[in-house]
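Asker: These are the residues of each chain, in order.
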Amino acid sequence: MRKSFIAENPSVLWFLAALSLFTLTVVLLSEATGTAMISTSFVKTLGKTLCLCLIAIAMDVVWGYCGILSLGHFAFFGIGGYAIGMWLMYARTETIVLESLQNQVIPPTPQEVSDAIGNQIFGVVGSSEFPLIWAFADSLFLQLLMVVLIPGLLALVFGWLAFRSRVTGVYLSILTQAMTLALSLYLFQNDSGLRGNNGLSGLQNIPGFEETSQATISIVFFLASSVALGAGYVFFAWIVTGKMGSVIKGIRDNEARVRFLGYHVESYKLFVFTVTAVISGIAGALYYPQAGIINPGEIAPIASIYLAVWVAIGGRGRLYGAVIGAAFVSLLSSWFTGGGAPDIDLGVYRIQWTDWWLVLLGVSFVAVTLFFPKGIGGLFDYLVRKPS
Amino acid sequence: MALFRGSRPKTPRKLDAMRRFLLAIALCLGALTQAQADDLQQILQVHADEVASPSRRSVGVLLDDLVASGLPQVPRFLEEWAGRTVWQGPDGRFFFGQEDGDQITLTDLDSGETRIEGRGGFTQLRPNGGVRRLIGTALVQYQLEDPDISRRESAVAAIARRPAADQLAPLVASIEGEPDDTLRARKTQLATFLSARFADTPQERIAAIDSLAQDTTVEARSVLNQILQTEAGVAASEPDGNIARLLNPMEAPDEYYAQLVEAGFAPAQTGPAVIRAALEAHIRDGTAGGVPLAQLGTDAARERAYAALSKEGLVPPLVTVETRDYALNAYVFYELYDEPNAEITAAAEAALASAEQRVAFAQAADLALDGLSLASIYFLAAIGLAITFGVMGVINMAHGEFIMMGAYTGYVVQLFVPDYTLSIIIALPLAFAVTFGAGVTMERLVIRHLYHRPLETLLATFGISIALQQLAKNIFGTQARPLTSPGWLDGAWVISDVIQISYIRIAIFVLALIFLALILFVLKRTRLGLEVRAVTQNPGMAASMGINPDRINMLTFGLGSGIAGIAGVAIGLYAKVTSEMGADYIVQSFMTVVVGGVGNVWGTLAGASLIGFLQKGIEWLNPSNTLAAQTYMILFIILFIQFRPKGIVALKGRAAAD
Amino acid sequence: MKLKFYSMATAALLGSTAMAAADCADPIKVGVLHSLSGTMAISETTLKDTMLMLIEKQNEKGGVLGCQIESVVVDPASDWPLFAEKARELLTVHEVDVIFGNWTSVSRKSVLPVIEELNGLLFYPVQYEGEESSRNVFYTGAAPNQQAIPAVDYFLEELGVEKFALLGTDYVYPRTTNNILEQYLKDNGIAADDIFVNYTPFGHSDWATIVADVVALGEDGKQVGVISTINGDANIGFYKELAAAGVSADDIPVVAFSVGEEELSGLDTSNLVGHLAAWNYFQSAETDANAEFIAAWKEFAGEDRVTNDPMEAHYIGFNMWVNAVTEAGTTDVDAVRSAMYGQEFPNLTGGTAVMLPNHHLAKPVLIGEITADGQFDIISKTEEVPGDAWTDFLPASKVLTSDWKELGCGMYNTETNTCVQLTSNY
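Protein chains in written order, with this note's numbering: chain A, 6 to 393; chain B, 861 to 1518; chain C, 99 to 524.
To be clear, the hints were calculated from the coordinates, so they are not data collected in a lab.
What you were told as hints is all true, and nothing was included just to trick you.
Coverage of chain C stretches by chain A, computed from C-beta distances (three or more under 8 Å per stretch; other residues unrestricted):
| no. | region |
| --- | --- |
| 1 | 183 to 190 |
| 2 | 259 to 271 |
Result set (DMTMM-like, lysine to aspartate or glutamate): computed pairs, CA atoms no more than 20 Å apart in a straight line:
| no. | chain 1 | residue 1 | chain 2 | residue 2 |
| --- | --- | --- | --- | --- |
| 3 | C | K479 | B | D909 |
| 4 | C | K127 | C | E214 |
| 5 | C | K127 | C | E168 |
| 6 | C | K284 | C | D318 |
| 7 | C | K159 | C | E425 |
| 8 | C | K479 | C | D251 |
| 9 | C | K284 | B | E1091 |
| 10 | C | K496 | A | D120 |
| 11 | C | K127 | C | E154 |
| 12 | C | K127 | C | D147 |
| 13 | A | K254 | B | E1316 |
| 14 | C | K127 | C | D430 |
| 15 | A | K379 | B | E1316 |
| 16 | C | K284 | B | E1122 |
| 17 | C | K479 | B | E910 |
| 18 | C | K496 | A | E134 |
| 19 | C | K396 | C | D147 |
| 20 | A | K379 | A | D258 |
| 21 | C | K284 | B | D1114 |
| 22 | C | K284 | C | D251 |
| 23 | B | K1506 | A | E260 |
| 24 | C | K284 | B | E1115 |
| 25 | C | K496 | A | E117 |
| 26 | C | K127 | C | E425 |
| 27 | A | K254 | A | E271 |
| 28 | B | K1506 | A | E271 |
| 29 | C | K155 | C | D386 |
| 30 | B | K1171 | B | D1159 |
Don't be surprised by glycine CBs; every beta carbon is placed ideally from N, CA and C.
With the rest of the complex left out, here is chain A (with noise of 0.2 Å):
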């Protein structure tokens, strides 16, 4: 007799009464729409917070619970972003060229129209010409389409051919670092169409919106990003759970050993693959236009190794371990790098956290990866399920 899926998964519930309270509390507090206690920046910081907790479960998905190491998964999250961003420059472009060509004797051409957009948006990287890649920006439709759909075929092309030809463990790592790098260095490119260096930028001014004010935005943002990562949760747990579940850890288990009871492990893997893929290119789609800038250098190996680093620490193999491990370290590394830190004088020498916190965080990892291999996630089943 199968369990429910929420007897399975008690902390689903746990997880998604916290972030409401959570939220509500951030909503209530904020400039927009309560008492301006929490800033507009730091109301962006969470809801920029939330996206990486939302992308870290899907790491957790395909690592902890898949065994796929994957040193990639940032382009997933860089491409949703990159494909939103796509839209929302074209479009708050489009309003400034129009209303600038408005007032003029003779109207524009639909071609005229097209050269004062793309001299717009890449005079900046020398250049006017539209590339192919933006031939539907001017849709918000299609370009949201492009969050879920680029992910997904690019996850499902590269995953096909790398478990077909049954590349696994550490050289997994290795091919989906190489894909992230290339990537990466793919967009720095001027040439790429998307800007290079400079990347999408002004990504927080939203279209058809340019009257409402940067705190009600983020607090709208901080909403969807909230309910994105409920609905990721749910989802995930749902996938962890159950008989597909039981597949999906015992290929992290012994790959060879579930292929020989007659599953099909590559297709297992690839859709664990892919649908991470995905989830990770809306994070990215909610998190840029929060950040206000996307550029290549966020697609960069370093930026993947973070995501395991977060997953680790805050504990494999549990949902709200990765969500812990994201929130914690990211928001402990603002609060370090950002001189919130106090300063430690030893007399002798004075430690700056901005100068010392990369060392700190990079000695507590190992310490984490040795003494507490299920990180803080596995303190908090102790506390829990201390009476067992």
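Add chains B and C to chain A, keeping to what the hints say.
Answerer: Okay, now just chains B and C, sitting in the frame of chain A:
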């Protein structure tokens, strides 16, 4: 005389003559009041502004005057002027000056008297590169037969930089008496170059040109190309003269049409912007050309309106594709040689074609050499990994930081040992020792506990990597640090002008070879190697044979790390020393090992060669974008691994199991 | 000495014991937005120190409007999105009156929407690609016509260069600058075939092939010159390879736009003597103001430190801001902005910098040759060149102009006489 119509810019002769005349007067006046010995100062004062801040375009008059004066002080003055040891006093007079703190030792240009004064008020003259080149040319006649070889060399270099017709005779005359063999050969070579362009008879020139067919130097080709300079033009019919080629305007009709327009043979093209401007200029009662303004939002409507305007004669007619092509076909587009003698240009074309064929071969060789050098750099960066990752299976993300540690060791040694050769000799083993120690410590403290969890080794070593990187930043700062190679590694091995490679790259290549041999020797021929192989293949069995796996793992890891340290010194010598240099190599190195095939040093060599040559090959296909080359190379690697997951040199049998 | 100690002590205590406490209920705050960690820390930390020094000096002189200036330093950590976040934090949480910051163009583009939304004020001190004029930014670094164009003129006129290699790192500054230069060279009669363009990634180290390509350009007998917009660390490998290939400045001169005193300190320059750089400032400029500035800097930051062009830009920018605030009698952004136009302040290299209505400075352009001790010999200095926000050498921007004083627009189309947009292009 037409033969000598070189590409030399025409000097403003009128102005020249006038200056000379003024100078003559000044000299006469000077002679009346001053002693003969003060002549040079006199000449300089006439051109005082030019001497103080000379310009390439106008300094020629001054130089001509100086040379024409025939004064014995002139060569020294020119040399010192170019060497920035001429100063101008507050009264405007010029001196040779030697700066010494706040004081300056002044030497009179003519009398040679010296005196010491405070620096204030004196300004140093700094002729720029272009002027210095002209000074060099002016000095040629004094230096060509000077007893001092360095002067003769600089004269020859000056000729090479600015070849001119009047240098040919003195150069040829100086060859006979040249005592230095190398310099004599160089002079002969230059004489050939000069006669190819400037000799009196066409026969002499053709003979010189023919001899250049064997020569692949940039200079030789530049001589031939100079002779073959052409000028493009357009005319109603084929012009007289030495025609190089006729051009087909249909290849790029718009560009050629622009030439027609420029030459005044055709009306300007009416692009969208022109049409728009014309329509805006002719708006009447809310219409332009009879079309209501609101409807002018399409190109078709605009062209219709424009046509209507042109029918009224208000604007020039529309240039359509047909009228453009008709105009293009009515004219001849050609390129005309500057050199009127067709025999000479034919000889030069032939010689150039022959030389260029050789150059193409040489370029291929050079590319191969560059590829080899890049491969050896990748190999050196990856060879430590080939041991730790390839043989032991440990993913060491901090490998790049070991490379960085090696480079910083080199930098620190140079702080204490100023002699570059000695410091490198100390730095190499010291870097090995430092990173060996670091590797062993890391293995003992961290990796030992994670042998059965390879993915977690990856993460733990990544933590170490970011910590080490930040530590280096805290200690050495973010600024790049200098690591200077010893003098004997400066410069390049020049096989020809096209094929050359810097000594430092050769040294890296040699170093890579040494390490390849060393590691093969250690692994295949020593007790340690035997034990390493035993432990990696079956640690349990090895332990029962009396081998201590802990010790072996420790030593192997130390060895791999130590080699990374030496690689760091080498890489720092040819590139830069920064805290992030390791990160530049780590992904590349892993790919090198994986592509080559794990568990085999030869595989790493194959991987490095593949990646190095491939990258150079792609760069050659698209020389203006190095970034694209790197992108495509990584894509290639991804695909390569998909189809050959075990790499180029795949191990077979049980050793190949994961 | 006593006096100095006293004022320094006051400076240290800042707002709490301000001298004219009555007027300073709202202290004057200056935000410093420079990366102190990450890849850009190498260049930007120096500028943060420069700002702290300038603020300290100003406080010794009694501050502004009778108030001491308080500095708010944040670290955007070379992370472009973080620049926007920190800028918002400076303006809304710390409520600073002005921000001095940014180095890379992409970080500036990241900050622009925030500054414009919140009507802040930013002083940007680095040479950049132009094609921008924001109402809320004063550009105290060089526009292309204040650095690149004069350097190319020098190549054409003084060195007689006939064939150009434009080498750059692949990002927006080199790309745009090279686009402008290509057009400019073509306008000056250089054929398209005689312009070789190459882009390399950040931190590129394998220069052998590119240097060989450049040498091979000389095969048609034309004088070759290199215009380098190579950024940061990559220069080290480039110059080492150049020296190894025996390319002397007499044969193939190289002029760099991103190599200054700081960058040369990572190199042995003995093989590079005679290669060139173009800036608005060199440490070797012989004026009293410069000597004083260098002495103050060495005292503040250490004996072995060098000064460079962006530091001078901050020096001019900060002093102009102080004067504008004094003139306006308030730190209100719009009032200060109006007071900024026409502000004059002596350059460290002599002459006077003037703030133009397009938010750029008029500054002299200097060309220096590298010397063996890592400094520059100044061999050419122009009159003050007014900075041009929109270049005259690209067809699309030729028709644009910026005039915030009269036209109230940073992107004004002179053909249609309309303001294209009030916000800037980001």
